[in-house]
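The chain contents come next:
2 protein chains.
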Amino acid sequence: MTDVLSRRDLDFLLYEWLDVVALTSRKRFAEHSKDTFDAVLDLSADLAHKHFATHNKKADAHEPTMRPDGTVEMIPEVKTALDAYAAAGLIAGAFDESVGGMQLPTTVARAAMAWFQAANASTSSYPFLTIANANLLAEYGTEQQIDEYVRPMLEGRWFGTMCLSEPQAGSSLADITTRAVPQDDGSYRVTGTKMWISGGDHELTENIVHLVLAKTPGGGPGVKGISLFIVPKYLPGADGAAGERNDVTLVGLNHKMGNRGTTNTLLAFGDGTHTPGGKSGAVGFLVGEEHRGLSYMFHMMNEARIGVGFLAIALGYVGYRKSLDYATVRTQGRPLGAKDPASPPVPIIEHADVRRMLLAQKSYVEGALALGLYCSRLVDEHDTADDAATGDQATLLLDVLTPIAKSWPSQWCLEANSLAIQVHGGYGYTRDYDVEQYYRDNRLNPIHEGTHGIQGLDLLGRKVTMHDGAGLSLLGSKIAATVARARSLGGDATGYADALDTVWNRIVDITAALWAAGDAVAALANSSVYLEAFGHTVIAWMWLEQLIATEGKSGDFYDGKRMAARYFYTHELPKVGPQLDLLASGDRTTLDMNPSWF
Amino acid sequence: MTDVLSRRDLDFLLYEWLDVVALTSRKRFAEHSKDTFDAVLDLSADLAHKHFATHNKKADAHEPTMRPDGTVEMIPEVKTALDAYAAAGLIAGAFDESVGGMQLPTTVARAAMAWFQAANASTSSYPFLTIANANLLAEYGTEQQIDEYVRPMLEGRWFGTMCLSEPQAGSSLADITTRAVPQDDGSYRVTGTKMWISGGDHELTENIVHLVLAKTPGGGPGVKGISLFIVPKYLPGADGAAGERNDVTLVGLNHKMGNRGTTNTLLAFGDGTHTPGGKSGAVGFLVGEEHRGLSYMFHMMNEARIGVGFLAIALGYVGYRKSLDYATVRTQGRPLGAKDPASPPVPIIEHADVRRMLLAQKSYVEGALALGLYCSRLVDEHDTADDAATGDQATLLLDVLTPIAKSWPSQWCLEANSLAIQVHGGYGYTRDYDVEQYYRDNRLNPIHEGTHGIQGLDLLGRKVTMHDGAGLSLLGSKIAATVARARSLGGDATGYADALDTVWNRIVDITAALWAAGDAVAALANSSVYLEAFGHTVIAWMWLEQLIATEGKSGDFYDGKRMAARYFYTHELPKVGPQLDLLASGDRTTLDMNPSWF
Numbered sequence: 001m002t003d004v005l006s007r008r009d010l011d012f013l014l015y016e017w018l019d020v021v022a023l024t025s026r027k028r029f030a031e032h033s034k035d036t037f038d039a040v041l042d043l044s045a046d047l048a049h050k051h052f053a054t055h056n057k058k059a060d061a062h063e064p065t066m067r068p069d070g071t072v073e074m075i076p077e078v079k080t081a082l083d084a085y086a087a088a089g090l091i092a093g094a095f096d097e098s099v100g101g102m103q104l105p106t107t108v109a110r111a112a113m114a115w116f117q118a119a120n121a122s123t124s125s126y127p128f129l130t131i132a133n134a135n136l137l138a139e140y141g142t143e144q145q146i147d148e149y150v151r152p153m154l155e156g157r158w159f160g161t162m163c164l165s166e167p168q169a170g171s172s173l174a175d176i177t178t179r180a181v182p183q184d185d186g187s188y189r190v191t192g193t194k195m196w197i198s199g200g201d202h203e204l205t206e207n208i209v210h211l212v213l214a215k216t217p218g219g220g221p222g223v224k225g226i227s228l229f230i231v232p233k234y235l236p237g238a239d240g241a242a243g244e245r246n247d248v249t250l251v252g253l254n255h256k257m258g259n260r261g262t263t264n265t266l267l268a269f270g271d272g273t274h275t276p277g278g279k280s281g282a283v284g285f286l287v288g289e290e291h292r293g294l295s296y297m298f299h300m301m302n303e304a305r306i307g308v309g310f311l312a313i314a315l316g317y318v319g320y321r322k323s324l325d326y327a328t329v330r331t332q333g334r335p336l337g338a339k340d341p342a343s344p345p346v347p348i349i350e351h352a353d354v355r356r357m358l359l360a361q362k363s364y365v366e367g368a369l370a371l372g373l374y375c376s377r378l379v380d381e382h383d384t385a386d387d388a389a390t391g392d393q394a395t396l397l398l399d400v401l402t403p404i405a406k407s408w409p410s411q412w413c414l415e416a417n418s419l420a421i422q423v424h425g426g427y428g429y430t431r432d433y434d435v436e437q438y439y440r441d442n443r444l445n446p447i448h449e450g451t452h453g454i455q456g457l458d459l460l461g462r463k464v465t466m467h468d469g470a471g472l473s474l475l476g477s478k479i480a481a482t483v484a485r486a487r488s489l490g491g492d493a494t495g496y497a498d499a500l501d502t503v504w505n506r507i508v509d510i511t512a513a514l515w516a517a518g519d520a521v522a523a524l525a526n527s528s529v530y531l532e533a534f535g536h537t538v539i540a541w542m543w544l545e546q547l548i549a550t551e552g553k554s555g556d557f558y559d560g561k562r563m564a565a566r567y568f569y570t571h572e573l574p575k576v577g578p579q580l581d582l583l584a585s586g587d588r589t590t591l592d593m594n595p596s597w598f
Numbered sequence: 001m002t003d004v005l006s007r008r009d010l011d012f013l014l015y016e017w018l019d020v021v022a023l024t025s026r027k028r029f030a031e032h033s034k035d036t037f038d039a040v041l042d043l044s045a046d047l048a049h050k051h052f053a054t055h056n057k058k059a060d061a062h063e064p065t066m067r068p069d070g071t072v073e074m075i076p077e078v079k080t081a082l083d084a085y086a087a088a089g090l091i092a093g094a095f096d097e098s099v100g101g102m103q104l105p106t107t108v109a110r111a112a113m114a115w116f117q118a119a120n121a122s123t124s125s126y127p128f129l130t131i132a133n134a135n136l137l138a139e140y141g142t143e144q145q146i147d148e149y150v151r152p153m154l155e156g157r158w159f160g161t162m163c164l165s166e167p168q169a170g171s172s173l174a175d176i177t178t179r180a181v182p183q184d185d186g187s188y189r190v191t192g193t194k195m196w197i198s199g200g201d202h203e204l205t206e207n208i209v210h211l212v213l214a215k216t217p218g219g220g221p222g223v224k225g226i227s228l229f230i231v232p233k234y235l236p237g238a239d240g241a242a243g244e245r246n247d248v249t250l251v252g253l254n255h256k257m258g259n260r261g262t263t264n265t266l267l268a269f270g271d272g273t274h275t276p277g278g279k280s281g282a283v284g285f286l287v288g289e290e291h292r293g294l295s296y297m298f299h300m301m302n303e304a305r306i307g308v309g310f311l312a313i314a315l316g317y318v319g320y321r322k323s324l325d326y327a328t329v330r331t332q333g334r335p336l337g338a339k340d341p342a343s344p345p346v347p348i349i350e351h352a353d354v355r356r357m358l359l360a361q362k363s364y365v366e367g368a369l370a371l372g373l374y375c376s377r378l379v380d381e382h383d384t385a386d387d388a389a390t391g392d393q394a395t396l397l398l399d400v401l402t403p404i405a406k407s408w409p410s411q412w413c414l415e416a417n418s419l420a421i422q423v424h425g426g427y428g429y430t431r432d433y434d435v436e437q438y439y440r441d442n443r444l445n446p447i448h449e450g451t452h453g454i455q456g457l458d459l460l461g462r463k464v465t466m467h468d469g470a471g472l473s474l475l476g477s478k479i480a481a482t483v484a485r486a487r488s489l490g491g492d493a494t495g496y497a498d499a500l501d502t503v504w505n506r507i508v509d510i511t512a513a514l515w516a517a518g519d520a521v522a523a524l525a526n527s528s529v530y531l532e533a534f535g536h537t538v539i540a541w542m543w544l545e546q547l548i549a550t551e552g553k554s555g556d557f558y559d560g561k562r563m564a565a566r567y568f569y570t571h572e573l574p575k576v577g578p579q580l581d582l583l584a585s586g587d588r589t590t591l592d593m594n595p596s597w598f
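Taken in sequence, the protein lines are chains A and B. Positions 1 to 598 (our numbering) are the ones given, in order, by the first sequence. Positions 1 to 598 (our numbering) are the ones given, in order, by the second sequence.
Just so you know, these hints were derived from the structure itself, not from any lab. Just so it is clear, the structure is predicted and the values come from calculations on it, not from any experiment. Among the clues, some could well be false.
Heads up, the list lumps identical chains together, so a pair's fine if it works in one copy or across two of them.
[As the list claims (entries may be wrong)] Computed list of lysine-lysine pairs in DSS-like fashion (alpha-carbon distance at most 30 Å, straight line):
{"id": "1", "residue 1": "K224", "residue 2": "K339"}
{"id": "2", "residue 1": "K553", "residue 2": "K478"}
{"id": "3", "residue 1": "K575", "residue 2": "K478"}
{"id": "4", "residue 1": "K50", "residue 2": "K34"}
{"id": "5", "residue 1": "K57", "residue 2": "K34"}
Required output: the full structure, derived from the provided sequences and hints.
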């Protein structure tokens, strides 16, 4: 069986480029070493191949169903896999030792998780959401909330969700109508309907911890009135076990094109199906302060956005590896110009167009993986930097990069999956092979955790303008440093450095020009195009970084990196040119289009 | 229910642009008029909505299965729909009256078929293949073969297939191993295995007429030794009904990501399961002359390639229309800069990024439909031109455009389907809505009837160089004529004309430069990039043609056409620039990549 990721590539990115071993000099990671990191990666690869990859197709073919009694039925392999994952302590990997964690760097924890995401996207989503939920509570919850909810989640006895969207309000959180009314005992009763809740119900764990956005009486209009609540499926019992059933009810499961193994649910809160404490209404517990719910949720959301990027990367990566394997063993046709039609067919990797499809995939998935790990490294910097200024810088840079880390892999690692199908020809279109599932699974990623369009608005409308453009400037200084190092190397690196420098300077100029008139409607008319151009530029930066890291090293692996960098700079980065021309022109086509003309 | 295509757009393309009514002055179409064309289109729309669209989702959810006795089970709605289609005489639409046809122009017949393709891609494939099969036999078959096979196919009593690929030879027909051995009675016995045969078995009709490529003893190596045979599932009986069972056996059904309603089969010919005439071996009848099979098959293949383009267009089109409907009724969010967060949400079509996604879809599907119908008009010209030179010109132009008419919709109308999902947000990812199925169905089209890579090799390696570049020159003269007309209009049209002219001249120069050294390996290294740049240029030409056709006309419909043309020229055509730069640079990245470096 093909490994779902390349350990060699991870080693390169983690050790030869990002130098995660240097993190062990920080107090938080002092107990760690390259050996412990390797052990976690080895364990993850092993568990992912043994327990996750093995039921990926089965979970797709046998999606969860809702039983007449309202519970969820799914194939048993999911629970077996997740129990093994939890037993290995991986849910708590990056958490404090004080709550039972390993205090792994986020960079290593993300790399470890990527094995599971590549092996089985839908089963990996349960711990993925649980970790993000627990992270939020560890940051903003009370000691009691941490004891009651975070610990059982980190042990894998309970899982977590995030409940934001409602049927009438997907991207528009200002319009949520779920209400939370305070009770005399300090708790709240929550009433409303939440849509698209992944992992929203199942029998995998004893309990499910929902983090729910709701409005309290007297809150302001729009997003300002939103607060955040813990609403467990079962109220915590006296002994720390799941107790009385809360008034949270599974209304239905969504049936999706892909990602079928993850239950995706419509949940009713407080519809009276259950009567905790003798009355209807879902019992909820406020997290932090009232009306600050959205800011807390964005802590989880930003983490989830990077995580969705990783999910897209992992799916792109495994598709790349399987199509590479296929191209190596499948024989068909002869080299162009072969004189003898009776000569034996060659492996299809010998055909230039097949190599093009493989190089494109390689440049997408390895470029995106570099960005995902780079962003994770920024999280570690934020958490453990020696001085506050360095930590703040990491946070600022992460803020700017998050919409790219989410959207770019969602677009281009999906494209990689399409190419993986294409390399397989007709076989790739059948369910006998794996790649069509990756393509279906990956199509979710431009939608959830903020659609592609939302990421564009976030980047151009907020991230590059905030703090007077400080984030944009910071990213510019990082890119400039890379450009300077590359120029000093000469050869291809210098040419790429020049190209990147030129494109980046255009982005800076265009950003200023778009906002010069102070007209947000005009500035944001092509924000998705801006997002895509910005994204390709960031990935070009990641490729220049990787190219620099191969300097002076020889062997197939490094030659492959160099060729992928060359592919990205010759075939991909130039695509940014027309996008920047469009933005620079202040194009108003989308604004001038009257809906009645369609 | 939304119409699956726009009749208004078809009327514009057929009557206001391509002037198909002018064809009625030709002898072959003298019995026709705008009224008869309208009647066929109305009937097709009606049948497509009533019998095809209604089981599209059901056919996807309940794909055909193979019973223990080796026969195929499928939902009954497929047969009901196809019986209605056949009863309306539509299989024979474009055929000679002498064989029971209506002698419709191909342009009208293709437009009529597009309704069925948009309503239900997989059910439409059965008559689609039957028509292509019958067309081949009507051209190259003997009178007896036409009576025995073409007539029952046109009546819908028998269906047809094309059997080219084998498990070890998909794109590489030189490597087929199916053998045909001549018998004393003039028939052949065929032995071999054919893969990916759409409609290869079913119980929809009394008989199935397979057109099979096979090699005869003594034939040359490679494709030169290939001959074409009729191999019916049941040998024709004395009374014209299906007679004795031939030795053709369904080995298995392929299970696909989409297009599930069309059986796609592995067929064994002559494996001894049946013993027609008392001995094993599938009885086949030679079509035309020995060793010319591939040239005959390309008659069918070229028609099928245009038809696959239409299938992709139709799927793109219906997805566009459904996402347009959704964007009009789904409310969410507020316009940028809206001050009052309590103001009611607006239909999402009010958001610029949603309009971008709709404009992109519109420019793709209407641009592609224009090309598909333009190519169909060339077929009519080939068939009925007043002088041979005009007919030959039409054939030459069609030869050059066929790889574009197949590949461009397969790529960009699939992208349209992705955008249709995106407009729907999370709902679009569920099977409760239609668009995810279109996306899955459409993903087949870059694969079958010659993959994307094969189309690129065909275009750059053969079509633009054949006859000393006569096809390329002819296309250039057509584009130049459009450019000249557009320039005379002034305004936007002049700017678009200049842009198109510039790009086209670059393509001509680059084509010459690529072949200047006579090194096919180097010339074809980026043939897929060439295909894509060429395709976008051709569609830009189609948009300029449409823009000219709106001249002097007012109203929403024409304003929409003008905006879609503007979208294509501002957002799409510029993408060609970097592709041409890459080609002009003689980039060798894909050639220099060593397989061991991946």
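Against the structure, the hints come out as follows:
Taking identical chains as interchangeable, the C-alpha atoms of K224 and K339 lie at most 30 Å apart only when they sit on different chains, with a minimum of 14 Å there against 73 Å within one chain. Only within a single protomer do K553 and K478 lie at most 30 Å apart by alpha-carbon distance; the minimum there is 24 Å, versus 54 Å between protomers. Proximity of K575 and K478 under a CA criterion of 30 Å is satisfied in both settings, with 22 Å inside one chain copy and 29 Å between copies. Proximity of K50 to K34 under the C-alpha cut-off of 30 Å is restricted to the intra-copy arrangement: shortest distance 24 Å within a copy versus 66 Å between copies.
When the C-alpha separation of K57 and K34 is checked against a cutoff of 30 Å, the pair qualifies neither within a copy, at 34 Å, nor between copies, at 53 Å.
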